[in-house]
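Undergrad: Model the placement of chain B on the given structure of chain A, informed by the hints.
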Amino acid sequence: MKLQLNGAPIEADSATLSDLLVAQGYGEARVATAVNGAFVPATMRATHTLNDGDQVEVLAPMQGG
Amino acid sequence: MRDFYGTTLNNGLMLGTAQYPSPAILADAFKRSGASVATVSLRRESGQERAGQDFWALIKELGTHILPNTAGCHSVKEAVTTAHMAREVFDTKWIKLEVIGEEDTLQPDVFGLVEAARILTEDGFQVFPYTTEDLVVAGKLLDAGCEVLMPWGAPIGSGQGLNNVFGLRAMRAHFPDVPLVIDAGLGLPSQAAQAMELGYDAVLLNTAVAKAGDPAEMAEGFAMAVRAGQLAATADPMEPRDMAEPSTPVIGKAFLE
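For the protein sequence lines, the chains are A and B, in the order given.
The numbering of the first sequence is our numbering, which starts it at 1 and goes up by one.
The numbering of the second sequence is our numbering, which starts it at 1 and goes up by one.
These are computed hints drawn from the structure, not numbers from a lab.
Quick caveat: nothing in here was measured; it's all calculated off a predicted structure.
For each residue, glycine too, the CB sits at the ideal point set by N, CA and C.
Please note that the accuracy of each hint is not assured.
Simulated restraints, written as ranges between beta carbons of each label pair [unchecked claim]:
#1 A:28 / B:160: 39 to 47 Å
#2 A:38 / B:134: 26 to 34 Å
#3 A:43 / B:32: 38 to 46 Å
#4 A:11 / B:122: 37 to 45 Å
#5 A:13 / B:217: 50 to 58 Å
#6 B:104 / A:52: 38 to 46 Å
#7 B:122 / A:47: 19 to 27 Å
#8 A:11 / B:170: 55 to 63 Å
#9 A:38 / B:170: 35 to 43 Å
#10 B:167 / A:47: 47 to 55 Å
#11 A:52 / B:224: 55 to 63 Å
#12 B:236 / A:28: 50 to 58 Å
#13 A:37 / B:242: 58 to 66 Å
Over 12 Å on every C-beta distance to chain B, these chain A residues come out as not near it, computed from the model [stated by the list, open to error]:
#14 1
#15 9
#16 11
#17 13
#18 15
#19 16
#20 46
#21 47
#22 48
#23 49
#24 50
#25 53
#26 54
Only chain A is shown next, with the shape it has when bound in the complex (with noise of 0.2 Å):
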């Protein structure tokens, strides 16, 4: 299926978003994640299915003022 990751269009296989982010290299990362505008808590992930057109966001922590 076609997937938006961060703005850019990517195609995957994954079923779950624990699946995506395992499969895109995020593996134990500190990361939050949101899917079409939407958080997802970390609990969530594995559960959380995933379709075709879906934007997924994924922030980890950055500088800030």
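TA: Here is chain B on its own, set in the frame of chain A:
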């Protein structure tokens, strides 16, 4: 010193973590200043580069309180979602709430700010709202559940200092029990001292330190200014007067005409 949602800070310096020449200089600025709070943000992470993971390791080493922001958010929905993501990543209820309303000045959208503050407070967040010195807005933020207010000194990154001293003094007088932080616009330590002399509890700054030629030196300067201003505020300063009054006693002066 007033506490921030039950947390007493070691000092009134909150320091941003952006725009430093290098991570080592960032760490040195925090070490020399002893800043009690570090502000941080969230951005897209690449699964290959994982830059955020290195930054997280650096932040943990600082040993400060962590205040995540919602910088760059222009809508209530965006700010609320970002706050939820920040709470999970940084494992804190604290959120520096920014809802930007105007591009040239980065002035907060105070209507969206109040709405987002109410939503987040009801969700258990401890909100630090980036606001203006408007007393009506301040009152509505407190009504929404905020226990801290962070009025701007001047537009973010401008280095202009305290643009409206009258308004900021009025805010301090109007809310004597609320912890107040000057957030944004400071350029020099003297301006931080001025804020603290007005009775503010802390200052939050980033660009003035990070963009100085020697950020660590400037950070230490700000720390000393914050301390000086705080001492002045608690020492009950004299009232200014229009005319001179000799400080050296006149009694006993020799007649030498």
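Undergrad: Would you mind marking each hint as holding or not holding in the structure?
TA: Structure-based check of all given hints:
At roughly 44 Å, the beta-carbon separation of residue 28 (chain A) and residue 160 (chain B) lies within the given 39 to 47 Å, and the hint holds. Here the CB-CB span from residue 38 (chain A) to residue 134 (chain B) is close to 32 Å, well matched to the stated 26 to 34 Å. Checked against the given bound of 38 to 46 Å, the beta carbons of residue 43 (chain A) and residue 32 (chain B), roughly 40 Å apart, stay inside it. Roughly 40 Å separates the CB atoms of residue 11 (chain A) and residue 122 (chain B), a value that falls within the hinted 37 to 45 Å.
Look at residue 13 (chain A) against residue 217 (chain B): about 54 Å separates their beta carbons, and that is inside 50 to 58 Å. At roughly 40 Å, the beta carbons of residue 104 (chain B) and residue 52 (chain A) sit within the given window of 38 to 46 Å. At roughly 26 Å, the beta-carbon separation of residue 122 (chain B) and residue 47 (chain A) lies within the given 19 to 27 Å, and the hint holds. Here the CB-CB span from residue 11 (chain A) to residue 170 (chain B) is close to 59 Å, well matched to the stated 55 to 63 Å.
For residue 38 (chain A) and residue 170 (chain B), the hinted distance range of 35 to 43 Å is satisfied, since their beta carbons lie about 41 Å from each other. Taking 47 to 55 Å as the suggested C-beta distance range, the pair residue 167 (chain B) and residue 47 (chain A) conforms, at roughly 50 Å. Separation of residue 52 (chain A) from residue 224 (chain B) is about 58 Å and conforms to the stated range, judged on CB atoms against 55 to 63 Å. Range check, residue 236 (chain B) to residue 28 (chain A): about 55 Å between beta-carbon atoms, so the 50 to 58 Å window is met.
Checked against the given bound of 58 to 66 Å, the beta carbons of residue 37 (chain A) and residue 242 (chain B), roughly 60 Å apart, stay inside it. Separation of residue 1 (chain A) from chain B is adequate, the least Cβ-Cβ distance of about 18 Å exceeding the 12 Å criterion. For residue 9 (chain A), the shortest C-beta to C-beta distance to chain B comes to about 15 Å, beyond the 12 Å cut-off, and the non-interface label holds. Against the 12 Å criterion, residue 11 (chain A) stays outside the reach of chain B, whose nearest CB is about 15 Å from its own CB.
The Cβ of residue 13 (chain A) lies farther than 12 Å from every Cβ of chain B, with a closest approach of about 16 Å, so its non-interface assignment holds. Against the 12 Å criterion, residue 15 (chain A) stays outside the reach of chain B, whose nearest CB is about 18 Å from its own CB. No beta-carbon of chain B comes within 12 Å of the beta-carbon of residue 16 (chain A); the shortest separation is about 16 Å. Consistency note on residue 46 (chain A): stated as away from chain B, and its beta-carbon is indeed over 12 Å from all of that chain's, at 15 Å minimum.
With a closest Cβ-Cβ approach of about 16 Å to chain B, residue 47 (chain A) is found to remain outside the 12 Å limit, as its non-interface label requires. No Cβ of chain B comes within 12 Å of the Cβ of residue 48 (chain A); the nearest lies about 14 Å off, and the non-interface call holds. The non-interface label for residue 49 (chain A) is consistent with chain B: the shortest C-beta to C-beta separation is roughly 20 Å, beyond 12 Å. No beta-carbon of chain B comes within 12 Å of the beta-carbon of residue 50 (chain A); the shortest separation is about 16 Å.
No Cβ of chain B approaches the Cβ of residue 53 (chain A) within 12 Å, the least distance being about 19 Å, so the stated non-interface status holds. At the 12 Å boundary, the C-beta of residue 54 (chain A) stays outside the reach of chain B, the nearest C-beta of that chain being 15 Å off.
Of the numbered hints given earlier, the model fails none.
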